[in-house]
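Engineer: Going down the list, the sequences are from chains A and B. In terms of the working numbering, the first sequence is residues 1 to 440. In terms of the working numbering, the second sequence is residues 1 to 271.
Among these hints, one or two may not hold up.
Restricting the straight-line Cα-Cα distance to at most 27 angstroms, the calculated cross-link-like pairs of lysine-lysine (DSS-like) are [what the hints assert, rightly or not]: (1) A/Lys313 x B/Lys158; (2) B/Lys160 x A/Lys313; (3) B/Lys160 x A/Lys178; (4) B/Lys204 x A/Lys171; (5) B/Lys158 x A/Lys178; (6) A/Lys189 x A/Lys171; (7) B/Lys160 x A/Lys171; (8) A/Lys267 x B/Lys160; (9) A/Lys288 x B/Lys204; (10) B/Lys158 x A/Lys288.
A few chain B residues that face chain A, going by a derived Cβ cut-off under 10 angstroms, partial list only [unchecked claim]: (11) Ala171; (12) Lys204; (13) Gly236.
In short, the hints are calculated from the structure, not lab data. By construction, the Cβ of each residue, glycine as well, lies at the ideal position given by its N, Cα and C atoms.
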Amino acid sequence: MKLQLIGVNHNSAPVEVRERLAIPEWRLAEACRQLAEHPGVEEGMILSTCNRVELIAHLKNGSGDLRAFLRDYFQLDLNQFERHLYEYREQDAIRHVFRVAASLDSMVLGEPQILGQVKEAYATARAVGAVRAQLDQLLTRAFAVAKRVRTETAVGSSAVSVASVAVELAKKIFGNLKGKQVYLVGAGKMSELAARHLLAHGCTSIFVANRTYDRAAYLAEKFDGQAIHFEELYETCDRGDIVITSTGAPHAIFRPEHGELFLSRRKNRPMFFIDIAVPRDVDPEMNKLDGIFVYDIDDLQQAVSAHVADRKKEADRAEAIINSEVERFQARIQTLDVVPTIVSLQDHLETIRQAEIDRVRGRLGPLTPDQEMAVDALTRGIVNKIMHTPIRTLKTAAREPEAITLIDQVRRLFNLQQEEGERERKSAASKSGGGSGARG
Amino acid sequence: MPLLWLRVALGFYGVGLLYALVALSRSSDLLSRIAVPATSLGMVFHFVSLSEAVLLSGQLTLASVHNSESLLAFMIMAFFMIVYLVYRTTSPGMVVFPSVFLLTFVAATGQQPFLSMSPGLRTGWLFAHIALIFTGYAALFLSFGASLLYLVQESSLKSKNPGRIFSRLPALEVIDEIGYRSLLLGFPFMTLGLIAGSVVAQAKFGRVDFLDPKVFLSLLMWVVYLIMVYTRWNAGWRGRRAAYLATGAFVAAVVAWAANYVSTIHRFAAS
Chain A
1 MKLQLIGVNH NSAPVEVRER LAIPEWRLAE ACRQLAEHPG VEEGMILSTC
51 NRVELIAHLK NGSGDLRAFL RDYFQLDLNQ FERHLYEYRE QDAIRHVFRV
101 AASLDSMVLG EPQILGQVKE AYATARAVGA VRAQLDQLLT RAFAVAKRVR
151 TETAVGSSAV SVASVAVELA KKIFGNLKGK QVYLVGAGKM SELAARHLLA
201 HGCTSIFVAN RTYDRAAYLA EKFDGQAIHF EELYETCDRG DIVITSTGAP
251 HAIFRPEHGE LFLSRRKNRP MFFIDIAVPR DVDPEMNKLD GIFVYDIDDL
301 QQAVSAHVAD RKKEADRAEA IINSEVERFQ ARIQTLDVVP TIVSLQDHLE
351 TIRQAEIDRV RGRLGPLTPD QEMAVDALTR GIVNKIMHTP IRTLKTAARE
401 PEAITLIDQV RRLFNLQQEE GERERKSAAS KSGGGSGARG
Chain B
1 MPLLWLRVAL GFYGVGLLYA LVALSRSSDL LSRIAVPATS LGMVFHFVSL
51 SEAVLLSGQL TLASVHNSES LLAFMIMAFF MIVYLVYRTT SPGMVVFPSV
101 FLLTFVAATG QQPFLSMSPG LRTGWLFAHI ALIFTGYAAL FLSFGASLLY
151 LVQESSLKSK NPGRIFSRLP ALEVIDEIGY RSLLLGFPFM TLGLIAGSVV
201 AQAKFGRVDF LDPKVFLSLL MWVVYLIMVY TRWNAGWRGR RAAYLATGAF
251 VAAVVAWAAN YVSTIHRFAA S
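The shape of chain A in the complex, shown without the other chains:
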């Protein structure tokens, strides 16, 4: 396999560079086709997201130049971009593809979108025929590796933003968020974001209380909720299962006595206060009440950083998985390379054996079934014994760089050239046939 990958990502290039190289979705198919037709490129695929642009290609005899494609496609002076570009070949390219798909190369480690984006890019390139046997094999494996990383490590399982931590905690308290009500006190940007997250996870209705009623009304309308006059705050607040506070009040506006009032009105059903105001809106003493849970911005942030640390730890395990998968994948593609030779060697010897048996049969006349069997077993035994070592040597050599020379020598020794060529065409045909079957 002659693999080459070049690209830019959020680490190597600032956004000005990335947007210059980004390829919009509607032009992606055409770009893939052009890449596949680029001189020296056998198969190609382009991954273009907001954090990265990458070209992956399987080259004919390692002769292609992906930089030239970039230059031609974008008509730009590559010298300006050279320092932002990274390039990987062979094993490193395989590893990079695996890491990207498994979200180990993402800005937010373990974020789940990237796998979907890679899958889309793959589907696009495949639809225009830019991805065939070799890259297909690589990408299919990459998806399997990503899945393995996801199930065997916790790299993508913990929430790493304040809003998602809030949702996670709400779920720990209420289980299913369906039908839960969100009450916003103060209508800031951040509480809006948290509310949006909660609604996306099943919370049904929303109340907004704000000192300026207009702002409350505006936000309530945005969420299809209900605006509340600030004076009615204490009478209505118990309707919220999840209360998000973000007012600019200098003192706590919720004190334990309010909490007790809410609890008795709610028949002690739990309440979750998310206090993102500084100074805090909720008296920390409230957290001591049975059934009231108060998290302030520091608590949430602390949970976020704990999760981030967890993810880093898990990422190490994920890297180990990737390493072993890269090795496995490489061993597999290389073993595949020697298989045609082994098969044609076996075919070749089998033809000789059959020919010899026929010749002997012609000389000896008809044989009894017993004799027939004995002759067959004898010749087969000899062939197998002779073949045993060469085949084993070929298989072990498959993992070494010397495989090519060895394959060459075996072919010459047994005069396999022609058959080999035939077989290659055949196997290529059956592979692409199998590929299109899998596509349907």
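Dock chain B against chain A, hints included.
Structural biologist: Then chain B, alone, in the frame of chain A:
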């Protein structure tokens, strides 16, 4: 033979016990995967053991103390399985498995001969009494277990540093619901069981002696149970207060159970 099956069942419950002990320190995928199948198998053997005991003794009553412990363990397991089927959580097992194991262990280590009950008892009523009361006990026990889990989950949420150990516990409201539903479900059983018991007593002694420790403690337990259901229903008591009440009811139940050893009218056959 019943004893043999019971011991086989005990072995399977041991897996559950192991799960509960391990779950305290870390989560083991393997154990949580096999805990339910293993304990279900245990229940099958347990059931065989119970039915054989009934067949062998030729009576519907299970009055030997060891049999009653075995029956109680079985009922608790049955309740656990119902909760598992509804909520898909094995967390109550952290309380249930050790207790079931202990009860079964006690029942499996020795067996007294079956003594026949005094003739003339209304066996139908007696059987109803035992079955109903035990269902009530099992429900009460599960509710007790759920309130313990509730406390654990609540304090882990309040500490703002939810540890890994308990990250697998179900959500607070789900635990609450499990506890509340078991409580509600158990109450009618307990009530009817006591009624059936007093019918039996009436038939045997002509009256119910309220000063007998067994009768007195059973009533006490029932009253605590009633208070619990009422406060839950009326004021939505949960968390710490509910756990205290559940503990109270549980202790009352255990004491009422223990009263079998001192009561003059309600004794296990072999004690």
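Engineer: Compare the structure with each hint and give your call.
Structural biologist: For each hint, the structure was consulted:
no.	hint	in the structure
1	A/Lys313 x B/Lys158	holds, 26 angstroms
2	B/Lys160 x A/Lys313	holds, 21 angstroms
3	B/Lys160 x A/Lys178	holds, 24 angstroms
4	B/Lys204 x A/Lys171	violated, 55 angstroms
5	B/Lys158 x A/Lys178	holds, 23 angstroms
6	A/Lys189 x A/Lys171	holds, 22 angstroms
7	B/Lys160 x A/Lys171	holds, 14 angstroms
8	A/Lys267 x B/Lys160	holds, 24 angstroms
9	A/Lys288 x B/Lys204	violated, 54 angstroms
10	B/Lys158 x A/Lys288	holds, 8 angstroms
11	Ala171	holds, 3 angstroms
12	Lys204	violated, 44 angstroms
13	Gly236	holds, 3 angstroms
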